[in-house]
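Chains as they are written, first to last, in my numbering: chain A, 182 to 707; chain B, 182 to 707.
Bear in mind the hints are in silico, worked out from the structure with no lab data behind them. No false leads were mixed into what you were given.
No copy is singled out in the list; a pair is fine if it fits within one copy or between any two copies.
Cross-link-like lysine-lysine pairs, in silico, DSS-like; alpha carbons within 27 Å at most:
id: 1; residue 1: 462; residue 2: 273
id: 2; residue 1: 285; residue 2: 265
id: 3; residue 1: 462; residue 2: 314
id: 4; residue 1: 336; residue 2: 193
id: 5; residue 1: 429; residue 2: 439
Number of protein chains: 2
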Amino acid sequence: MTEFSEAPDIEKQVSDLHEILEITQAMAGEKRLDRLLKVIMEGATRVLGADVSSIFLCDHDTGEFYSRFIQQAVVSEIRFPLDKGIAGYVAKTGETVNIEDAYKDDRFNPDIDKNTGYRTRSILCMPLVTLDKEIIGVTQVLNKKQGWFTAYDEKLLGVFSNNAAVSIDNTLLHEENIRLFKSLISTSSKTIDARDPVTAGHSQRVALYAEQLGRAAGLDSLALNELEVASWLHDIGKIGVRDDVLLKTGRLTDQEYKKIQEHATYTSEILEQIHFSRELKAVPFIASAHHERIDGKGYPYGLVGEKLPLAARILAIVDVYDALTAYDRPYKKAMSVEKALSILEEGRGTQFDAALVDLFISRRCFNIERRQYQRISVDLTFEIVFLSNDDQIKCVEKYGFPKVDDDVLESADANVEEDVDGGTAWDVNAPGKAKGIRVRDISASGLKFETGYYFPINNFVSLKVVIKSIDLTVLCRVIRIRRRPAGTGYIMGVEFVNMKIDEREKLLNYIKSLSAEELQTPIRFL
Amino acid sequence: MTEFSEAPDIEKQVSDLHEILEITQAMAGEKRLDRLLKVIMEGATRVLGADVSSIFLCDHDTGEFYSRFIQQAVVSEIRFPLDKGIAGYVAKTGETVNIEDAYKDDRFNPDIDKNTGYRTRSILCMPLVTLDKEIIGVTQVLNKKQGWFTAYDEKLLGVFSNNAAVSIDNTLLHEENIRLFKSLISTSSKTIDARDPVTAGHSQRVALYAEQLGRAAGLDSLALNELEVASWLHDIGKIGVRDDVLLKTGRLTDQEYKKIQEHATYTSEILEQIHFSRELKAVPFIASAHHERIDGKGYPYGLVGEKLPLAARILAIVDVYDALTAYDRPYKKAMSVEKALSILEEGRGTQFDAALVDLFISRRCFNIERRQYQRISVDLTFEIVFLSNDDQIKCVEKYGFPKVDDDVLESADANVEEDVDGGTAWDVNAPGKAKGIRVRDISASGLKFETGYYFPINNFVSLKVVIKSIDLTVLCRVIRIRRRPAGTGYIMGVEFVNMKIDEREKLLNYIKSLSAEELQTPIRFL
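Please model the entire structure based on the sequences and the hints provided.
Following this line, the structure appears as structure tokens:
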């Protein structure tokens with residue numbers, strides 16, 4: 182049994198331990214990191230009778246601490262260097278630090294107090310150690326309400342932190358598993374789509390449209406998740422259709438058309454071999470029912486009305502919408518949004534669920550916005566926003582479609598092959614970073630980057646550049662899109678449309694000023 | 182604070198709670214169900230001062246309790262009906278049962294005592310309730326060492342069980358995720374292999390051979406896991422090779438050969454898009470290096486010797502071995518094991534790692550045995566063992582290759598189409614069951630079943646039939662193998678080779694005696 186010095190009466194000890202056991206149970210049940218950290222921080226504050234607590238986790242890849250929290254319904258992340266302050270000392274040495282007055286300790290970093298106006302007095306900071314004896318972060322409890330933290334508090338927080346560390350480790354593993362699963366299905370689907378130039382990017386866009394319509398229809402997060410997975414996988418059966426049929430550009434014979442139709446059956450057959458978890462149980466059925474019609478004249482099941490799950494009725498609409506509006510090759514021109522919507526309306530109540538068609542149009546679910554970002558250095562981030570259809574139209578009205586200048590990023594294409602052979606695809610596994618773009622070349626007139634998204638030439642994207650506290654938003658036009666071999670991503674070239682000269686100077690000068698160590702990704706200057 | 186009646190002195194309470202917190206941490210860290218249940222059972226026994234404890238989990242799909250434990254290094258599972266005994270009462274009502282003398286309680290089921298010779302006296306049995314208030318099983322603690330279980334014991338076990346339930350739920354979810362991930366990669370790989378009849382089943386066999394050689398080379402379980410995933414995915418780049426090249430049966434032009442070679446680069450490019458977890462980080466590199474040679478003359482990297490990871494050197498050997506020995510079509514005859522091994526030996530030290538070739542041969546890693554099973558009813562199980570090469574040779578010596586009688590299972594093929602359209606593929610998601618065969622037809626002379634394995638005609642399989650306590654082992658010969666559309670599995674027909682007449686009678690009579698309710702899978706009689 183553990184002995185406590187300066188311990189409170191023993192009834193209080195029993196009550197504290199019971200409280201910790203209750204929090205432990207709640208921690209173990211949390212699958213999302215932001216919510217888990219909240220449970221831990223609030224628990225530590227309460228049990229120790231403190232004012233506030235923080236958890237900082239180590240990201241050894243970037244040399245930073247990070248923490249995630251929910252602010253105004255959005256999950257935010259903060260980051261600071263691993264060697265800073267008391268937290269840095271504790272993470273490095275594995276020692277517990279218990280200070281009565283922070284301002285009398287050299288290790289204390291008063292910057293955060295300065296920024297927030299908070300006045301730190303006492304600090305109890307402990308390492309978060311997993312069962313494998315790895316330090317994954319620190320728990321920091323501030324300002325004991327009465328007096329300062331005692332040796333008893335240290336022991337209590339020790340027991341608490343041990344359990345917290347295991348829960349955090351589990352949650353990180355769970356998030357890793359989810360990321361692995363999602364990237365596996367999205368990569369497989371993109372690769373299959375890319376076999377046929379006309380369908381490149383199709384499953385990805387269908388997943389985005391489906392999410393919009395699913396949200397509009399009031400699906401909960403579990404149902405949305407199931408719909409997303411089904412959307413990504415709905416055309417996986419095309420892997421069973423031979424190239425000569427799949428890639429035929431002329432009119433299909435009845436026999437060939439039947440072969441194409443079989444892909445829905447193949448989708449079902451392939452997906453039924455996969456051990457989907459309870460929450461994804463309906464994926465094979467939803468995915469294979471994307472060519473069903475509300476009047477029962479669809480395939481492969483011929484189900485009528487409500488017999489089709491809501492998710493399948495959503496998928497049927499967004500699949501057709503994307504097939505109509507997407508384009509890739511000169512011989513296949515994209516249909517306008519208006520025309521495509523009128524075709525959906527024609528199918529109201531026969532091909533499609535009428536209420537869902539109305540929702541798709543009235544809520545403008547066809548407006549999808551895609552964002553990707555890249556951190557170039559600690560202080561510089563690029564964010565690309567692929568504009569929605571509405572915004573595209575506005576940009577075209579304002580800037581038109583000028584003649585594309587093929588020379589702008591001439592060197593961009595020269596080394597596509599080199600890239601593939603050298604295996605320099607960007608690191609998609611870096612923790613704490615959404616998979617994003619990878620900027621490869623920058624010039625005074627444009628940018629070249631790798632991205633998982635397909636976006637047609639002459640469309641507009643918005644580039645948000647964040648340098649320290651300065652935000653630039655620059656409109657760009659896609660002038661080059663080139664598929665990487667095996668269809669796993671794209672090299673996209675964009676030119677700046679409305680960038681001011683002084684902004685351009687600022688950006689280029691800043692990037693050039695960075696040392697090789699500061700640049701987290703090598704960028705070439707053209 | 183919780184009040185305890187009949188509570189021990191308060192120092193003992195503090196010590197008990199500390200012990201529970203330590204066990205809680207250990208529980209949360211366990212990813213494997215069998216080990217987790219061990220931690221919980223031993224912990225409950227110790228904390229409550231009892232003689233022994235059990236955990237029984239509910240499988241609502243089969244209406245049974247199950248538990249998993251390790252016995253002689255093998256993970257075993259026991260099952261019994263959900264409505265039996267004290268455990269059944271607790272799972273049904275959610276009540277705690279605390280009995281001083283089991284034999285005075287009508288709900289007690291003395292069968293297990295009878296079988297084991299154990300003498301149950303006192304029982305404390307509590308439901309395992311998750312945070313979602315779902316009862317997922319029960320904890321049962323037996324024979325308090327001094328006296329019987331008190332109200333204090335109930336409260337202590339309550340706190341303990343709450344945490345145990347959350348950990349069990351997490352572990353089940355983790356196992357589900359792993360199963361989902363593995364089935365996703367195996368299904369994708371099988372589907373891609375099946376595009377080319379010559380490579381059907383290739384990735385699966387390569388994974389099995391690689392595991393054998395990896396074990397022989399002393400890889401630990403993490404490295405074996407990485408090798409397995411890389412094996413399944415090593416040919417995924419073939420999805421980027423066009424049918425006209427991939428399926429060409431004649432000699433390839435240099436250009437076409439180069440296209441085929443590119444699949445290794447495509448494999449790397451596709452896999453680098455996937456967010457592999459820390460433990461699978463090397464998968465893209467290992468998988469794409471399966472055509473590397475130890476002398477540096479391989480592709481795509483041209484790496485020499487130790488620069489190639491051990492896993493890649495293993496993959497290179499087993500990939501070639503399977504390509505040489507596998508066959509599917511009349512025009513491609515399989516090479517004998519001896520000839521294939523001599524080709525590996527020729528490549529010792531130039532194409533292949535010499536020590537690994539020696540290990541592959543001396544440890545007979547080419548002998549892979551595949552097992553699949555199906556429960557037909559509570560008391561009847563079929564297990565198919567696909568015999569190893571060694572055993573195949575012995576069987577051929579003894580039984581020869583008789584003329585295959587095409588009529589034996591004539592009806593087997595007639596309804597392949599019907600099966601696909603009806604979507605009657607077997608339920609691969611049933612919890613607690615390994616994905617197995619699905620017996621469809623049985624006759625006096627043979628069996629027809631669905632399976633994920635490919636096995637050539639005239640090979641032998643061993644069928645183990647377990648009816649209650651009777652075990653029959655019957656040798657069978659593959660007489661029909663038919664790929665299901667989209668290549669997701671096979672319909673296999675086997676004939677009994679050495680089944681005794683009385684055994685056959687027993688089996689058929691037993692199956693015919695089963696009522697529709699008892700049959701967990703419908704089987705037709707020919």
